[in-house]
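2 protein chains.
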Amino acid sequence: MKARVHVMLKNGVLDPQGEAVRHALGAMGFDKVDGVRQGKVIDLDLADDATEADVTAMCEKLLANTVIESYSIEMQG
Amino acid sequence: MKARVHVMLKNGVLDPQGEAVRHALGAMGFDKVDGVRQGKVIDLDLADDATEADVTAMCEKLLANTVIESYSIEMQG
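Those sequence lines, one after another, are chains A and B.
Letter by letter, the first sequence follows residues 2 to 78 in our numbering.
Letter by letter, the second sequence follows residues 2 to 78 in our numbering.
The following block holds chain A by itself, in its conformation from the complex:
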């Protein structure tokens, strides 16, 4: 069983990494980019009896800093 977790900075939290990417794209001539947010994607390879609740616990305890980051979980078969 696999799970994919996205961890993004919450709206309103400054994202200097995304801002740097946006600036670099503009400098390279990509002028159709209005905004960039960068986050993490974590692909988990899980035992077959793992549940979404397990992954939620991992996010709350380790994968995301819930003060400034939000996460979303996709379970994949």
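Don't take each hint at face value.
Same chains, same label: a pair holds when it works inside one copy or across any pair of copies.
Below, computed lysine-lysine pairings styled on PhoX-like, alpha-carbon distance capped at 25 Å [unchecked claim]:
| hint | residue 1 | residue 2 |
| --- | --- | --- |
| 1 | K41 | K11 |
| 2 | K62 | K33 |
| 3 | K62 | K41 |
| 4 | K3 | K41 |
| 5 | K3 | K62 |
| 6 | K11 | K33 |
| 7 | K33 | K3 |
| 8 | K62 | K11 |
Just so you know, the hints here were simulated from the structure itself, not pulled from any lab data.
Following the hints, position chain B against chain A.
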């Protein structure tokens, strides 16, 4: 128009960050985790006339290091 880009290390490329997460999860008692790969997710806010070809060009030139990383693009309306 929005686009989401995933950038992951290619299979076979050592992922020390993912390995560190796997180890930390194990140490915290999450014993159902067999493997972890960590990558980047980049959310782009684009002008309405931007195309997937534009995003592909951004990936090739800046967002991914195609020697060791693979990328995938999802255009979102």
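Outcome of the hint check:
Both within a single protomer and between protomers do K41 and K11 lie at most 25 Å apart by alpha-carbon distance, with minima of 13 Å and 16 Å respectively. Taking the shortest Cα distances, K62 and K33 sit within 25 Å of each other only across copies (15 Å), while inside one copy they are farther apart (38 Å). Both within a single protomer and between protomers do K62 and K41 lie at most 25 Å apart by alpha-carbon distance, with minima of 16 Å and 20 Å respectively. Proximity of K3 to K41 under the C-alpha cut-off of 25 Å is found in both arrangements, the shortest distances being 17 Å within a copy and 18 Å between copies.
For the homomeric pair K3 and K62, the shortest alpha-carbon distance inside one copy (19 Å) is at most 25 Å, but the shortest distance between copies (30 Å) is not. Within a single copy, K11 and K33 get their C-alpha atoms as close as 24 Å, which meets the 25 Å cut-off; across copies the closest is 28 Å, which misses it. Taking the shortest alpha-carbon separations for K33 and K3, only the inter-copy value of 11 Å comes in at or below 25 Å, while the best intra-copy value is 35 Å. Proximity of K62 and K11 under a CA criterion of 25 Å is satisfied intra-copy only: 17 Å inside one chain copy versus 28 Å between copies.
Every hint from the earlier list agrees with this structure, and none is contradicted.
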